[in-house]
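From first to last, the protein sequence lines are chains A and B. For the working numbering, add 162 to where a residue sits in the first sequence, where the first one is 1. For the working numbering, add 101 to where a residue sits in the second sequence, where the first one is 1.
Hints listed in this document are in silico derivations from the structure and should not be mistaken for laboratory results. Every residue, glycine too, gets a C-beta built ideally from N, C-alpha and C.
If you anchor each label on the Cβ, the simulated ranges turn out as follows: (1) B/Leu-160 to A/Thr-175: 22 to 30 Å; (2) A/Ser-379 to B/Thr-227: 24 to 32 Å; (3) B/Leu-160 to A/Leu-383: 57 to 65 Å.
Here are a few chain B residues that sit away from chain A, every Cβ distance over 12 Å (derived from the structure): (4) Glu-116; (5) Glu-216; (6) Gly-219; (7) Pro-263; (8) Gly-312; (9) Ala-316; (10) Glu-356; (11) Gln-381; (12) Ala-387; (13) Thr-394.
Computed far set for chain A versus chain B, every beta-carbon distance over 10 Å: (14) Ala-252; (15) Leu-371; (16) Ile-465; (17) Gln-485; (18) Trp-488.
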Amino acid sequence: MTNATRPVHTAPTFAQGVWLISNREISARLRSRSFLIATGILLLLSMASVIVGSIVSQNPSLTKVAVVGTALGVVEQTEAFDIVEADTVADAEALVRAGTVDAAVVPSTNADSRLGITVIALDSAPREVLGTLSVSPDLKILDPAQQDGFLAYLVAIGFGIIFLMSATTFGATIAQSVVEEKQTRIVEILMSTISVRALLAGKVLGNSLMAFGQIVSIGLLVSIGLAVTGQRVLLAEVGPAIVWFAVFFAFGFVLLAALYAATASMVSRQEDVGSATSPVLFLVMIPYFMVVFFNDNPFVLAIMSYVPFSAPVGMPVRIFLGQAEWWEPVLSLVVLALSTMVVIVIGSRIYSNALLRMGARVSLREALHR
Amino acid sequence: MLDIRGVNKRYGMREVLTDVSFTVADGRMTGFVGANGAGKTTTMRIILGVLSPDSGTVLIDGVPVTASDRRRFGYMPEERGLYPKMKVAEQLVYLARLHGLSPASARRNTADLLERLGLGERARDTVESLSLGNQQRAQIAAALVHDPEFLVLDEPFSGLDPLAVEVVMSVLAGFAAQGAPVLFSSHQLDIVERLCDDLVIIADGEIRANGSRDALREQHGSPRFEIRTAGDTGWIRTVPGITVIDFDGDFAVFEAETDTASQDVLHRAVALGAVHTFSQQRPTLATIFKEVTS
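Please model the entire structure based on the sequences and the hints provided.
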């Protein structure tokens, strides 16, 4: 009984173990009805936002104006109006009163009139008509804003919401699955089979793939939606930001997933998951509120775009706004990747120290102790 | 052969295991007995590598066990654990594959084992939909599905109905019969008594007794005899070298100072008339347990 040779055992490698674990995570998610419903809602919401956007941004029909006599030449030049010709000024006034046209443009009776026309409106100055017919001085903008403010706001909030929803959905999922394993004690069987690190890596990988898949499908859906509804110009502007968002999200989510797994491993019951992971939830909410409040503040956005937790939202918004130099997303991505690695190392230590401790919540100090 | 040598473990200031050493021999069912908190679960976790000892080693055939060796172990933790929402068969295939089996042999083993444990028809049900007894059977299947070469089972019989106990006993005995070392803990001493070949008794983190069941019985055997005859047994009192412990008409329990004294009683009894029983009292496991742990 002292022969040192043992039968060759086909133990799975680290990578195979990680793969098996992550596959189980993915199939468990795909089978969960609540997950499928939540994903469906998120996809519907993003689709709806594109459609609503397209309806709102559709060019409104041309303003109708009644034109009399010599005024016609001036009005025709602008090509900005739907012209209804009237024979007399009285006829034109009648059309205005009837609401058939928004305003009437008639030859001026005032000899000093510079333009030689008079605009007649019902109850207030028709700003659009006046603006179009007015003579403007030459304009030179030194530092043109690249995006319309309202659109920028929408895009920023869109990234913020998608990040918040995806991160919290999958973060909560990974936290629950960690506690499920701990609560049912299957973790003992798993730990006796594969390394704790492979277990953590598999869970993070599986859930990150799902989260990333969700982000990519939202990105694709929005892009296709923009193309189909004829908002190609907008697509060209938002497209690069969406791609960067997906890349940042991939790294950012791995970081959050490791944090969720580590904090969840400190408790033993599903009821305690919420309170244990609330610090992480807080970290996820910060970028959302920051973009809501500071999307027009380049300085705050610049800081956000480098802080690892908010970079997945901050940097794409800055790219969309044209505030970021080409090297900035790369640098920020490096910062994010490095901090992700650090968090994984710390997280896996907490995870492996806390997994077997049942009952009361494990304190952070105990969990970090070797 | 599985060797546990000089294992120590402490949690903070509390010493949980002190110099724990014992052997689980090939093809032997080894019962691991101890009160709650005596250190059984901790010892088993250390054998499985789920916990690491402060000092001491676990050896397979004299060689320290490695992480990949541990995949050859079948382990059933004390607190039952399976994914509640996963289907039974799917779960077993998953665990078998984690232990390094190919998809095909994982599926074959799963079907086989579920059939043997009487769970064949529940293969496609989720674990949470099974009765407690059936969940327990699924748990045992989880420990066996990857053709382990060693079995370590923490309280495999707790929560089982008598029928399931028989099924599990026969599965485990079959396993040992193939030459695998089997270590199982239980607080149901009668089951351990029936099932085990060897016995390890632990109390307060120390091994108190360790050896084959029969040797332990011998060691802790008392010089007591029981006799039941056709007539009155009052005369036994007068035999030299005999102390009567209990007496009730035709029945008596006595202690003999020597073997000849006890044989003397038997000769006389036979001369007086019919003898229905004459036997040496064997200590039950409960008696031995009480003796070594007190």
